[in-house]
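So the sequence lines, in the order shown, correspond to chains A and B. Sequence positions in the first sequence follow numbering that gives the first Met the number 0 and run 0 to 335. Sequence positions in the second sequence follow numbering that gives the first Met the number 0 and run 0 to 201.
These are calculated hints, taken from the structure and not from any lab test. As the structure is a prediction and not an experimental result, all values here were calculated from the model. Note that the Cβ used here is the ideal one computed from N, Cα and C, for glycine as well. A couple of the hints might just be wrong.
Cβ-to-Cβ under 10 Å is the rule here; a few derived chain B residues that face chain A [to be verified]:
(1) Leu14
(2) Arg136
(3) Glu137
(4) Asn166
Below are the SDA-like pairs computed for lysine to any residue, each with C-alpha atoms no more than 25 Å apart in a straight line [said to hold, decoys possible]:
(5) A:Lys67 <-> B:Asp22
(6) A:Lys67 <-> B:Tyr90
(7) B:Lys118 <-> A:Lys67
(8) A:Lys67 <-> B:Ala127
(9) A:Lys221 <-> A:Gln65
Listed below, chain by chain, are the residues.
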Amino acid sequence: MKANPQIDELLCSFIDGELPLRQQTEVQRLVARDAEVARRLRQLQNCKNLVNALPAEPAPIDMLEQVKRSLERRTLLGDHAAPTVSRAGARHLKIRRFVAAAAMIALMGGLGAVVYQIVAPVAPGEAGRPAADMSRSIQVIPNTLPDAPAPVVVAGQGFSGRLELRTASLTQADAFIKAAIEDNGLKGFAEVQTLADRRVYRIECRREGLDRLVADLGTIWKNFDSATLVVDTDRFADPVVIKPVTVRQVAQIVNQDSAETSVQMARGAAVLNRFAQAMPGREILSESEDTTTMMIATPEIPRPRLASNDPATKAIPAPPQGGVQTTMTIVLLNTQ
Amino acid sequence: MPLSAASINIDDSVLVQRSQSGDLEAMERLILKYQGRIYNVILKISGNSDDTAELTQETFVKVIESIDKFKGRSSFYTWVFRIAVNLTLNYCQRNAKMATRSLDAEDNESDSQARQGLKEFLSDDSAADPAVLAQRRELCDLAKQALLRLEEPQRTVMVLRDIEGMNYAEIADVLNIELGTVRSRLSRARSHLREILEAMQK
C-alpha cells in the first residue's frame, strides 16, 4: 500500500489515542474492512514501538553537583547574560574584527618605532629614564627624591610591582582571588589584608606561581572596572604605570627573567596602550592584546581550573624556592 | 539528609513556588525529578553522548536563572522541556556537519547480522512488543541511527511522543507549534523512519 499522508495521520493519531471517540470507531471499522489499512497501522505501530524500546540512558549521578558548580562559576564571573550577549554581538563581531585588523596594520608601524626605542642604545646620562619622546607615552610617577640612587638589581630577582583592580563585586572577586591563591599553592607565600573598601594581597613567590595566578585572574578580568599595573615599585625610583593594562600584558611582564626586562616590557606595553587608545574605537585595546605577542614570546597562560571536576587538577604543589623570585601586591578596590 | 528521586512526591507547582522564594532544596528536588528524563530526551535528539551532560547542565542552570520569570502560563514540565529542546536544537544546528560525518561512519559499521534482524522486523506484519524489541540490541542500535537520520523537527516530535510520552498538546506547548502541525509532523516522522529502516536493510 502506498503511503497516504491523510490516512497515516489518522492512523498515528489513533495509535496515540489522540482521536475523539467517534473517529476512533471509524478507524476501527476501516481497519476491520481493509487489510492494507490494517497492515499500515501495524507498520506505524511497530515504528512507534521500536523507538519506544530504545533503552533510556541514566543521567550522570553528579548532575546536581555539576549544575551547582556551573552556577557558582557563572555567578563569580558575572556572565549570566553571556550567551544572549554573545548572540547579539555575533553580527557585530565580524565588523569589529575587520576594524581591528585594519587598526593592527596601523599599529604595526607604531610598534616598530616602540621596539626601536626600547632596544636602541641609550646615552649614559639617560640611563634608567625613558627616552625623551617616550616620556609623553609613559606615565611616570614624579620622583620625590631629587638624587635617587641607581636601581640595584638582585641576582635572580624578577618582576616586582603592584596590580590595582577596581570592581563593583568586591566580595566575589575577593573570594575568587583567595581561592586562586590557595589553588595555586601560594597560600604560604601570600599576606592578605582586609579593609573596608579594599583587599590587599602581597605575594612573594617564584615566577611560575605568579604566572598561574595571573592566568586565573584572566578568567574574571572582564569583571574589573579598571586595571592598572605599577611595575617595580619596590626598587626603582620611577615606576612605570600601565593604565589600563590587559591580563596578557600582565602575564608577559611577570614572565620576564629579570626586573629590568620586566620594566622594559612594561614601558613597551604602556606605549602600546597609548597607541591603542589613540585609535578610533577604544575597543581596539582588547583586540590588540594579541599584538603584544609580536614584541616577545607570549607566556603560555594555563586554562582556568575553576570549572574542573577533577580534584587532581586542584592539587597544585607549592612552588619550590629558588629560581626567579617575584613580588606582586594586588590591591582590589571597591567601586561601589 | 541526602535527596533522592524516590523521596520526591511534592507537586511541581509547590516546588516551583518555593524555588521562586529562594528555597534551594525545592529547586534541587525539581532537578532530581527531571534530570533523567531531560538527559534522555537531549541524548536522543542530539545523538551525542559527550555533550548531552553539558546540555542538561545548561538547561538546569537556565531554569534556575529564569525561575523568577516563570509565570505558570504553561506547566513547569513543558517549560523545562522547552528550554532543553531549544538548547539542543541550537546545538544540533551548530554541529550539523559533524553529526552527518558521524552518521556516515556508523552506517559503515552496521554488520550483516543487524541488517538481517532489521529485515525480519520489517517483514513481520504482526505488532511487535516494545519489551521484546528492547532485548534486541542490534535492532535498537539501527533504530538509533535511523532516528538520527530524521530531520530535527521530525526527530524532536518523535522523541517527545514515543520516548518521553508527551501528549500532542504538551508537544505543541513545548515546541510552540499548532496541534495540527504536531499531528502531521509525527505522522511524517513515523512514515519516514520506516523508509529509512527499509533503506538500511538493503
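Against the structure, the hints:
1. Restraint check, leucine 14 (chain B) versus chain A: the minimum CB separation of about 14 Å is more than 10 Å; hint violated.
2. With its C-beta approaching chain A no nearer than about 8 Å, arginine 136 (chain B) sits inside the 10 Å limit, and its interface hint holds.
3. Because the beta carbon of glutamate 137 (chain B) sits about 12 Å from the nearest beta carbon in chain A, more than 10 Å, this interface hint is broken.
4. A hinted interface residue such as asparagine 166 (chain B) counts as satisfied when its beta carbon comes closer than 10 Å to some beta carbon of chain A; here the least separation is about 7 Å, so the hint holds.
5. With a C-alpha separation of about 14 Å, the suggested pairing of lysine 67 (chain A) with aspartate 22 (chain B) holds against the 25 Å cut-off.
6. Taking the CA atoms of lysine 67 (chain A) and tyrosine 90 (chain B), the gap is near 22 Å; set against the 25 Å cutoff, the hint holds.
7. With a CA separation close to 47 Å, the supplied pair lysine 118 (chain B) and lysine 67 (chain A) exceeds the 25 Å bound.
8. Distance check on the hinted pair: lysine 67 (chain A) and alanine 127 (chain B) sit about 43 Å apart at the alpha-carbon level, beyond 25 Å; violated.
9. Proposed proximity of lysine 221 (chain A) and glutamine 65 (chain A) is supported: the alpha carbons are some 24 Å apart, at most 25 Å.
Consistency note: the structure conflicts with the earlier hints numbered 1, 3, 7, 8.
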